[in-house]
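As they're listed, the protein sequences go chains A and Z. Under the numbering used here, think of the first position of the first sequence as 1, with each following residue one higher. Under the numbering used here, think of the first position of the second sequence as 1, with each following residue one higher.
Treat the hints with care, as some may be off.
[What the hints assert, rightly or not] Calculated pairs, BS3-like style, for lysine-lysine (alpha carbon to alpha carbon, straight line, at most 27 Å):
#, chain 1, residue 1, chain 2, residue 2
1, A, K85, A, K68
2, A, K182, A, K157
3, A, K225, A, K383
4, A, K383, A, K85
5, A, K37, A, K85
6, Z, K136, A, K37
7, A, K291, Z, K136
8, A, K322, A, K225
9, A, K131, A, K291
10, A, K157, A, K180
11, A, K85, Z, K42
12, A, K322, Z, K136
13, A, K158, A, K340
14, A, K322, A, K158
15, A, K85, A, K340
16, A, K227, A, K340
17, Z, K136, A, K68
18, A, K425, A, K169
19, Z, K6, A, K331
20, A, K372, A, K180
21, A, K291, A, K85
22, Z, K42, A, K158
23, A, K182, Z, K42
24, A, K331, A, K131
25, A, K157, Z, K136
26, A, K331, A, K37
Note that these hints are calculated values from the structure, not bench results.
Chain by chain, the residues run as shown.
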Amino acid sequence: MNTTPKRRWPVIAGSVTAAALILTGCSAGGGESSDAKTITWLVDNTENTITYAEKLAEDFNAANPDIKVEIETRPQGGDGDNIVKTKLATGDMADVFSYNTGSLFQQINPEQNLVPLTSEPYMDNVLDSYKPVVTSGSEVYGVPVGTGSAGGVMYNKKVYEQLGLSVPKTWDEFMENSRKIKDAGIDPIIQTYQTTWTSQLFVLGDFANVAAANPTFAEDYTANKVKYATDPAAIKGFEHQEEAFKAGLFNEDFASATYAQGLEKLVNGEGAHYPILSFALPEIQVSYPDKINDLGIFPLPSDDASKNPLTVWLPGGVYLPKSTQNVEEAKKFLAFIASKEGCDSQTEAVGANGPYLVEGCDLPDDVPAAVKDMLPFFEDESKNSPALEFLSPVKGPALEQITVEVGSGIRSAKDGAALYDEDVKKQAQQLNLPGWN
Amino acid sequence: MTAALKRYGVGILAIAVTVVLFVIPLLFMALTAMKDRREANKLEFSWPTNFALIENFQEVLSARRFMLVTAFINSTILTVASVAIMVILAAMVAWVLQRRRSRWNPLINFLILSGLIIPPAVVPTIWVLQGLGLFKTLPGLILIEVAFGLSFCIMLFRAFISTIPRELDEAAVIDGCGPVRLFFRVIFPLLRSVIVTVIVVQSVAVFNDFQHPLYFLPGDANATVQLTLFNFQSQFTTAYNLLFMNILLITIPPLVMYLFFNRQIVAGMTAGAVKG
Numbered sequence: 001m002n003t004t005p006k007r008r009w010p011v012i013a014g015s016v017t018a019a020a021l022i023l024t025g026c027s028a029g030g031g032e033s034s035d036a037k038t039i040t041w042l043v044d045n046t047e048n049t050i051t052y053a054e055k056l057a058e059d060f061n062a063a064n065p066d067i068k069v070e071i072e073t074r075p076q077g078g079d080g081d082n083i084v085k086t087k088l089a090t091g092d093m094a095d096v097f098s099y100n101t102g103s104l105f106q107q108i109n110p111e112q113n114l115v116p117l118t119s120e121p122y123m124d125n126v127l128d129s130y131k132p133v134v135t136s137g138s139e140v141y142g143v144p145v146g147t148g149s150a151g152g153v154m155y156n157k158k159v160y161e162q163l164g165l166s167v168p169k170t171w172d173e174f175m176e177n178s179r180k181i182k183d184a185g186i187d188p189i190i191q192t193y194q195t196t197w198t199s200q201l202f203v204l205g206d207f208a209n210v211a212a213a214n215p216t217f218a219e220d221y222t223a224n225k226v227k228y229a230t231d232p233a234a235i236k237g238f239e240h241q242e243e244a245f246k247a248g249l250f251n252e253d254f255a256s257a258t259y260a261q262g263l264e265k266l267v268n269g270e271g272a273h274y275p276i277l278s279f280a281l282p283e284i285q286v287s288y289p290d291k292i293n294d295l296g297i298f299p300l301p302s303d304d305a306s307k308n309p310l311t312v313w314l315p316g317g318v319y320l321p322k323s324t325q326n327v328e329e330a331k332k333f334l335a336f337i338a339s340k341e342g343c344d345s346q347t348e349a350v351g352a353n354g355p356y357l358v359e360g361c362d363l364p365d366d367v368p369a370a371v372k373d374m375l376p377f378f379e380d381e382s383k384n385s386p387a388l389e390f391l392s393p394v395k396g397p398a399l400e401q402i403t404v405e406v407g408s409g410i411r412s413a414k415d416g417a418a419l420y421d422e423d424v425k426k427q428a429q430q431l432n433l434p435g436w437n
Numbered sequence: 001m002t003a004a005l006k007r008y009g010v011g012i013l014a015i016a017v018t019v020v021l022f023v024i025p026l027l028f029m030a031l032t033a034m035k036d037r038r039e040a041n042k043l044e045f046s047w048p049t050n051f052a053l054i055e056n057f058q059e060v061l062s063a064r065r066f067m068l069v070t071a072f073i074n075s076t077i078l079t080v081a082s083v084a085i086m087v088i089l090a091a092m093v094a095w096v097l098q099r100r101r102s103r104w105n106p107l108i109n110f111l112i113l114s115g116l117i118i119p120p121a122v123v124p125t126i127w128v129l130q131g132l133g134l135f136k137t138l139p140g141l142i143l144i145e146v147a148f149g150l151s152f153c154i155m156l157f158r159a160f161i162s163t164i165p166r167e168l169d170e171a172a173v174i175d176g177c178g179p180v181r182l183f184f185r186v187i188f189p190l191l192r193s194v195i196v197t198v199i200v201v202q203s204v205a206v207f208n209d210f211q212h213p214l215y216f217l218p219g220d221a222n223a224t225v226q227l228t229l230f231n232f233q234s235q236f237t238t239a240y241n242l243l244f245m246n247i248l249l250i251t252i253p254p255l256v257m258y259l260f261f262n263r264q265i266v267a268g269m270t271a272g273a274v275k276g
């Protein structure tokens, strides 16, 4: 081996370099040079989102021919959160991006990463009820895109008609209705625990009732002054889920059914109630367009018939990261999103699945029946409350596992609530909230 | 009867297990890909009542401005380039490590092992790539795939090279062969079976990789095939018929590869298994 002539080594070095050069030539895509400026918009990859995002981009380009908007997508859920955080941390974020509001928004360090929009003229168009969920410190950072949604009980109106039932205002009426439905041979309450997130609705969708009973609950909860297990109003959500299970009101295959199967049951009238988010409407509209108007929605009932408020989910925000080079163009685009033209363009693309949070945006007359059911609650502020995740950064990661246990009778409501209080503790400490250490 | 059972029983059992584990999922995939959306959402193992194979195919192909086509091109370049680099570099490293004993060997072995053990961190890797101007480029991702696959390849090659007699090298050197020629003319051709193993294992790994393209190669123009799956699946709405059609389409290339290289793969697997 010692006879190795040294001069051979450059040959290898040379061939490796050559290979690298060839590979560099293979890179996909390429810059196009034209007068039009291009800004990028990162959105999540829901069919619904992409459809309206592309329409918005197209209409915006028609109004501003010198600016082109390119859509980039990211997954939802945990992967999506990581992508957004990674991109912000490395300064590689798109020129504008859509992301959740409320507690998840607080976790991306708005003050450090985003351009405040408080003094922008188009912020006047944004409804005041939306601003708190995109505010950090004293600045507002986002404009709403998409429509508001609700977490409540979606029900089959045909079943209600057949059995001569009326929409329940209290929990007792709800249980009464459910028993009658069961006697008629229809599953009263659909639960789908294979898709774990759907199990949380009894608790999350009940929050408007909690807020009605105790208006400062969210603040006190963030400050570690109230607990789910000890607050009499808050534990109701867990208790109701337990009660419904004990009364045998769930569909037989609740433990293994999926979200898609739950929707199918509801649409076909095999089940009457499905506590779910109104995010399900776009899916139903695509899969069962002929039956969408058979469905209605009502708030999860409490014991107090006089209040009966709806828990609402506010739409995601569009934010402007500090890393963007095209601030002017991006701001123009945000202004377009937060305008009547922006809403109309979204309605045209995907229909309206709930009310918009932009001033002057009307809904067309042919919105689904469930959306019509939601509207009165949105119009009167005393009849709705944003879900807890919009009001408090404290949300434990294990709620869906706990509610599956409670809903399957494995754990009692009291135990479940106490376990959830333990679960949020870690997260609150991680966020360094006062009162938790 | 019992004799026949003894003779064929195990074989029949093996076939049954194969059918359950491999054929049924594949069949389920194909059936769902043929259904229309409403039927597919039930996720049932049933014959489709309403055939929508062509429609699904067209829709998947044209979704997001023919993203799948771009994705196939990108994935092909990515897989071919990174596997080629891995094979050549890993064989070289393994050969030197195996043949030339020095006091650096333990350190190098430790580095190779740490390549297998230490999990990659996303943000620092992006910083490095940005510093090199390789972030969001295909060459950048190729280098990442090479980095993550190299350790495993080196180990496979080293185990195999130890079975090649050293006398071959010595004879070639005596005949006046330089190291580069020695490697490419004498050693490399002898590695054929293990090269096939590495190619198969690593192409499947790179082709199926989801996480690295997701983080290191963002943007629709840069999508790889695995990322296109996300076009049809989300938390609140999922088009299972399109999702499974997409899965079916991107399963075909690895499947074809296995069909063609079946014999070499089996030979390569056993060749690499010899202890050195």
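Right, here's what the structure says about each hint:
This hinted pair checks out: K85/A and K68/A have alpha carbons roughly 25 Å apart, not beyond 27 Å. Distance restraint check for K182/A and K157/A: the Cα-Cα separation of roughly 16 Å lies within the 27 Å cut-off, and the hinted pair is therefore satisfied. With a C-alpha separation of about 25 Å, the suggested pair K225/A and K383/A falls inside the 27 Å cut-off, and the hint holds. At most 27 Å may separate the alpha-carbon atoms for a hinted pair to count; K383/A and K85/A exceed this at roughly 35 Å.
Restraint check: the Cα-Cα separation between K37/A and K85/A comes to about 26 Å, which is no more than 27 Å; the hinted pair holds. Under the criterion of a C-alpha separation no larger than 27 Å, the hint pairing K136/Z with K37/A is consistent with the structure, at around 20 Å. Our distance criterion of 27 Å between C-alpha atoms is broken by K291/A and K136/Z, whose separation comes to about 45 Å. The hinted pair formed by K322/A and K225/A fails the criterion: a straight-line CA distance of about 36 Å is larger than 27 Å.
Between K131/A and K291/A, the direct Cα distance comes to roughly 35 Å. Violation of the 27 Å bound is thereby established for this hinted pair. For a cut-off of 27 Å, the pair hint linking K157/A to K180/A stands: about 15 Å separates their Cα positions. Only pairs whose Cα atoms come within 27 Å are accepted, and K85/A paired with K42/Z is rejected, the gap being roughly 35 Å. For the hint linking K322/A to K136/Z, the alpha-carbon distance of about 20 Å falls within 27 Å, and the restraint holds.
Using a Cα cut-off of 27 Å, the hinted pair K158/A and K340/A is violated, with the two alpha carbons roughly 35 Å apart. Pair hint K322/A plus K158/A does not hold up; C-alpha atoms about 51 Å apart against a cutoff of 27 Å. In summary, the hint linking K85/A to K340/A is not supported, as the alpha carbons are separated by about 31 Å, beyond the 27 Å threshold. Of the supplied pair hints, the one linking K227/A and K340/A is violated, its CA atoms being roughly 42 Å apart against a limit of 27 Å.
Proposed proximity of K136/Z and K68/A is supported: the alpha carbons are some 21 Å apart, at most 27 Å. For the suggested pair K425/A and K169/A, the alpha carbons sit about 34 Å apart, so the restraint of at most 27 Å is broken. Proximity of K6/Z to K331/A is assessed by CA-CA distance (about 77 Å); at most 27 Å being required, the pair is judged violated. Distance hint between K372/A and K180/A is fulfilled; the C-alpha atoms sit about 26 Å from each other, no more than 27 Å.
At roughly 40 Å between alpha-carbon atoms, K291/A and K85/A are farther apart than 27 Å, so this suggested pair is violated. In summary, the hint linking K42/Z to K158/A is supported, as the alpha carbons are separated by about 22 Å, within the 27 Å threshold. Simply put, K182/A and K42/Z have alpha-carbon atoms about 24 Å apart, close enough for the 27 Å limit, and the pair holds. Straight-line distance between C-alpha atoms of K331/A and K131/A comes to about 17 Å, which keeps the hinted pair within the 27 Å bound.
For a cut-off of 27 Å, the pair hint linking K157/A to K136/Z is broken: about 51 Å separates their Cα positions. Taking the CA atoms of K331/A and K37/A, the gap is near 13 Å; set against the 27 Å cutoff, the hint holds.
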